[in-house]
Amino acid sequence: MNKEELKVSAIQNGTVIDHIPSSKLLAVVALLHLENIKTPVTVGYNLKSKKMGKKSLIKIADRYFTDEEINQLSVVSPNVTLCIIKDYDVVEKKQVQMPDSLHGIVQCPNPKCITNNEPMKTIFHVINKEKGVLKCHYCEKEEKLEKARLVSPSNV
Amino acid sequence: MNRSVITLANLSKEKIQYLIRLSEEFERHTNRRLLEGKVVATLFFEPSTRTRLSFETAANRLGARIIGFTDPKVTSSTKGETLHDTIKMVSNYADVIVMRHFLEGAAQYASEITDVPIINAGDGSNQHPSQTMLDLYSIYKTQGHLDNLHIYLVGDLKYGRTVHSLLMAMRHFNPTFHFIAPKELEMPEEYKIYCEEQNIKYFETRDFNEDVIADADILYMTRVQRERFTDLMEYERVKDSYLLCNQMLRKAKSNMKILHPLPRLNEINIDVDSNPHAYYFEQAHNGLFARQALICDVLNIGLDQILNDNTIID
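Protein chains in written order, with our numbering: chain A, 1 to 156; chain B, 1 to 314.
Hints listed in this document are in silico derivations from the structure and should not be mistaken for laboratory results.
Certain hints may be false.
[Unchecked claim] Heads up, simulated DSS-like pairs for lysine-lysine below, C-alpha to C-alpha not over 30 Å straight-line:
(1) B:K79 - A:K112
(2) A:K54 - A:K24
(3) A:K135 - B:K239
(4) A:K129 - B:K13
(5) A:K112 - B:K73
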């Protein structure tokens, strides 16, 4: 373990989400609802990274996430790495995968879509994973992933 | 399983042929007591007299009773009630809900809230499956089949949801489409990509004259609406170029029929009405049988029951 990593305290059991672009850190916090988590959460912001220049990471003690929860992160940062920690050791490393559908993550750009007019969750189908094309389950309008706006946290 | 009809775009070839078969039976015997004891709700969050009358006639002629509203101004949605709550409430009363809404995706959402089947009678500019069903039935009736037809779509191909739905529903039948529209209203790129993916042949042109339409089996006219144009000069320039008049039909094939979802404005001259190629009023009449087919299908009333129906009145 080198000195840079030691700046953020190690966890015994839990999940480390690494290689988050710093600009996306708060979006990741919102998507995983970390504001509601009761176990210790350590956030590293603007750390040095060989791969990315600057990066952010989050360590969540005593908490594991389902693949479905984690894959929702691919909307904001497709290159995030996930480390599953058990007894201080990394027992598994995962990359996020673009899921087949996104639930309650992306806001529909169509103002006449029912999702923008009713208190309800949005659903988008990922119809082209390579090109990042989404299609609203309700109004059927298509949207490019890079243009997608996230739903405001109060609606998630 | 919820048997709602939200769109026809994902129906199989067999299912479309089956619904046409049902429509034929209802045309043969329109008045029945097949739905006696059933309640059909017609919820029109946006007024549409033509569609509502057609649905209500379809249900009435099968012996169902009808509840509903024709104008949201008189309902609790003006008090701010959510669609969710309105649908939950009506689900307590009705066996099938026919709904028209100004928001896109409203019918899909409604079908997820309730076990009562929903028939989408139009959701904003998105889908209008009963219109597509009556278009398909009209094409089938006038041509004797749906296969290998040359279908000419004329007018507003950008916003006209009927042409988009028709294009998708025809994909099983090897059609050749001809898109005739001004630049501002041409067929959107996503539907051209769809045609390519589905191996549907299409041609595009801006010209609309007797030679262009000489090979048509179906001439599907739509409204060119002034409010669709950002450039009103452009509207003034093109508005009369997509007007069909009697003399343009001199070279038409004998089997060719002119369809229009109605209401028409000025895109079909009234001198066409008496031409044997004109079919738009019969087309609207076919909507009655197509809607009877859809209502029975969502209520799980099948072809066997309709063929062995002893409630036929006429």
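Results of checking the hints against the structure:
1. B:K79 - A:K112: 20 Å, holds
2. A:K54 - A:K24: It holds: about 12 Å lies between the C-alpha atoms, which stays within 30 Å.
3. A:K135 - B:K239: Given that 30 Å is the threshold and the Cα spacing comes to 34 Å, the pair is violated.
4. A:K129 - B:K13: Within the cut-off at roughly 28 Å; holds.
5. A:K112 - B:K73: The given pair, whose Cα atoms are some 19 Å apart, holds under the 30 Å limit.
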